[in-house]
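Chemist: Listed below, chain by chain, are the residues.
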Amino acid sequence: MKALTGNRLDDGEVVFWAAGGWVLQFQDAELFSDPDLAAAAEGEAKGQTKVVVDPYLIDLIESGEHWAPLSYRERLRALGPTNHLGHGKQVEGGAVLEAIAAASGAARSTGRVNLIKRK
Amino acid sequence: MPKLIKRLADGQFVAEADPFTAVSDEAELPPGDVIISLTRFQAEGDRLLSEGRAVGVRIEPAEQVEALAYDLPRLALVAVAFPTYRDGRAYTSATLLRERLGFTGEVRAVGDVLREQAGFMVRCGIDAFEPNDGSDPDQWAHAVGRHRHVYQRAADGRVTAFQERGEG
Amino acid sequence: MYLYDAIDKDILADRTQEFREQVARRLAGEITEDQFKPIRLMNGLYLQLHAYMLRVAIPYGSMDSRQLRMLAQIGRKYDKAYGHFTTRTNLQFHWISLKDTPDILADLASVDMHAIQTSGNCIRNVTADPYAGATAEEIDDPRVWSEAIRQWSSLHPEFSFLPRKFKIAITAAPKDRTAAKVHDIGLVVRRARDGTLGFEVMVGGGLGASPYIGQTIKEFLPASRLFSYLDAILRVYNRLGRRDNRTKARIKILVSSLGAEEFGRQVEAEWEQVGPAGDLPDTELARIRGAFAAHPFETLPTQSEAFERAKAADAAFARFARNNLKPHKKPGYTIVEISLKAIGETPGDMTSDQMDVVADLGARYGSDDIRATHEQNLVLPHVKLDDAHAVYQALAAAGLATPNINLISDIIACPGLDYCALANARAIPVAQDIARRFADQDRAELIGELKIKISGCINACGHHHVGHIGILGVDKKGEEFYQLTLGGSGAEDASVGKVLGPALSADRVAGAIDALVDVYLRERQGEERFLDTYRRTGVTPFKEAVYAEAH
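These protein sequences, in sequence, are chains A, B and C.
Start counting the first sequence at 92; every next residue gets the next number (the working numbering).
Start counting the second sequence at 34; every next residue gets the next number (the working numbering).
Start counting the third sequence at 40; every next residue gets the next number (the working numbering).
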């Protein structure tokens, strides 16, 4: 399972793809079980060069009843920094964010590996 | 979008027709003025100059511009190449051409040439530009004119801040 | 302090306006991200995990109260009311918008501050001794040369697209508080036997993925010839530095592959061509030097009765004085180190309110002179001993009086994976764990000088290679692991730390530090610091303690 993420150009906010647009919270993100649909969305996102910078796909892992990003890096992007729990998206709270915070079994996310290689 | 922008002696930026043809090492030489690689110049330069053509030499970043020292009086133009705009070796090549080798012909920036670097290029003595970003002479003039003062000496001989302060 | 004249101010204003236009073009899609990235980096703007990060330059670590207050205000207006001091004495804001950045740069410019060249493949902020002008040990004030280099390097047309970043540090006292030996150029101020002022020039030091100690290519460069020589070094590097492989593009690789002798010879040949025409006129140097003329110190007795009484009456102040006050060249004065390493807090972070407190103290008690150190702390270099207690009380009320300078809980840590797009692991929680474990101040003083430095990735922004104990965060199949190194030093006795053993999981790190400290306390002889004991005994007793039986 994958999701598509990037940083918003004008303010750097972490955003997630949802049906052609971008949302601020992982819980509202579109999830892709079909790799072709994921790739198509990524292609479309990359064309939005005035909206988002460097969109890429991330791997997800199950955490309880919810999906969570597989890698620490993406969990931190979805939540916020661990040294300031009052900063970032984690302030919103809720079951999905809690599931991310509680997720185990972290591993490298291929999307980031590809991003680095491409550079 | 002009292929060639020149900076005139009075500082104006104008689009100009390019009398030169850039010719690769393998291609046949057309008649008229040409820009060729250092390698090709070292092989055929004398002959071409004796034919009465204006000859320009293209210097790649890894090439030493000093190799042209003795030929510069006969050259109309040196093209300094930017394979990517991030490769800053052409700034040194241009600087040496002006400051050390005393070249007074045209120094032309070719390759990944962007108006965002116009100021640096002019300061290093580059006076002709083949823009890679579709920019026009007004945009180059604007980019170059953005800074009222400069701190350090460069090939353009522009008055520095410390000179403005009346010190040497 | 160097005060910006109309020309300096114009330069900042023009740069700000230029960037404003470039941002507008980027937002309108007229420049691509690929074309824009070096531009924004040369204005100190990174895109990090959660937002943009702006790295504000604090040139050679020096600022006044007006500037620190503006940093506080920028934090409140555009960020989350705090900032982070870095190992290159800059200040980072971690929650910045691109669209706000032109206004932020304008606000900075209004107090003569900027973010010019705090990133990018260009010459970065020059760092110098934070005790400049206050220590009896210095041969000459390194700020004079730092400011001259700042001007020479700012928007340098020939050297703004180098193979890679370029960092210069200047030390002028026997004790090196700048890590000069691990910089691309390290300048050591020296005086020749006939009294001529000059520099020992070291090149090719650096940390990152492959650490190198700088090598001396010129034992004595007359000070008047500094800029022609710098031109020569930069030109040789610009021409010959590798551009095919980003991990091999620093000057340290070039110096290593040519050999220091050959590199020095090429610089010498280029220097001869540059000649004195490349040097700064004496009049300009004198003008800059004049800006740093010593402000009038009062004539005071060496001993301050008020200070002695306060120490006797207030044990906590006595402890603060013991650890955080350093000798000043003038009788009756002291250097006050302000720890940004409160136990359990984020190393190097400071709230806007705390910045205002220090700004006020600087103005009221500190000759309006405030410094940032490369160990992520602040300094008030000129405080009367008579006033030390009042300063301490104000600091204590603001949570800025932790008496741990150079002790085990005075930890350097990069922002790490909590903030940084380059990181492999978090650094801040590791630092917090260790600090909490060694929160007992008596124990910390018993242990003495022990520099722990933590980096969240191989880029080594936390300077782990030169930590007495270095900690490098690595990604082991997606989990955060930490590799320990021992015996590094960033001071005049510079050395690169050696790996202790296999990387440890996050929960084992603080315990490992405990074990290392126990070995040191057991083995130490005389006045040995941790580093000295390690250098004498070698790694074996330390390695056994950490990797023997599972804890």
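Don't take each hint at face value.
[Said to hold, decoys possible] Simulated crosslink set (DSS-like; lysine-lysine; CA at most 27 Å straight-line):
(1) K180/A / K119/C
(2) K214/C / K369/C
(3) K138/C / K119/C
(4) K76/C / K141/A
(5) K119/C / K141/A
(6) K76/C / K48/C
(7) K214/C / K119/C
(8) K368/C / K180/A
(9) K180/A / K76/C
(10) K48/C / K214/C
(11) K350/C / K180/A
(12) K214/C / K365/C
(13) K287/C / K516/C
(14) K141/A / K516/C
(15) K350/C / K365/C
(16) K138/C / K137/A
(17) K141/A / K515/C
(18) K204/C / K138/C
(19) K36/B / K76/C
(20) K137/A / K76/C
(21) K180/A / K365/C
(22) K116/C / K204/C
Calculated from the structure, these hints are not laboratory results.
Chemist: Give a verdict on every hint.
Modeler: How the hints compare with the structure:
1. K180/A / K119/C: Cα-Cα ~14 Å, so holds.
2. K214/C / K369/C: 18 Å, holds
3. K138/C / K119/C: 16 Å, holds
4. K76/C / K141/A: Measuring from Cα to Cα gives roughly 14 Å; hence the hint holds.
5. K119/C / K141/A: Holds: K119/C and K141/A sit about 26 Å apart, inside 27 Å.
6. K76/C / K48/C: With a Cα-Cα distance of about 25 Å, the restraint between K76/C and K48/C holds, given a limit of 27 Å.
7. K214/C / K119/C: Not OK: K214/C and K119/C at ~37 Å, beyond 27 Å, violated.
8. K368/C / K180/A: 50 Å, violated
9. K180/A / K76/C: 26 Å, holds
10. K48/C / K214/C: 35 Å, violated
11. K350/C / K180/A: With Cα atoms ~47 Å apart, K350/C and K180/A exceed 27 Å; violated.
12. K214/C / K365/C: 13 Å, holds
13. K287/C / K516/C: Holds - the C-alpha atoms of K516/C and K287/C are around 26 Å apart, at most 27 Å.
14. K141/A / K516/C: 35 Å, violated
15. K350/C / K365/C: This hinted pair holds, its Cα atoms lying about 15 Å apart.
16. K138/C / K137/A: Holds - the C-alpha atoms of K137/A and K138/C are around 21 Å apart, at most 27 Å.
17. K141/A / K515/C: Roughly 36 Å between the alpha carbons, so the hint for K141/A and K515/C is violated.
18. K204/C / K138/C: 26 Å, holds
19. K36/B / K76/C: Within the cut-off at roughly 25 Å; holds.
20. K137/A / K76/C: 17 Å, holds
21. K180/A / K365/C: 43 Å, violated
22. K116/C / K204/C: 31 Å, violated
Of the hints listed earlier, those the structure fails to meet are numbers 7, 8, 10, 11, 14, 17, 21, 22, in rising order.
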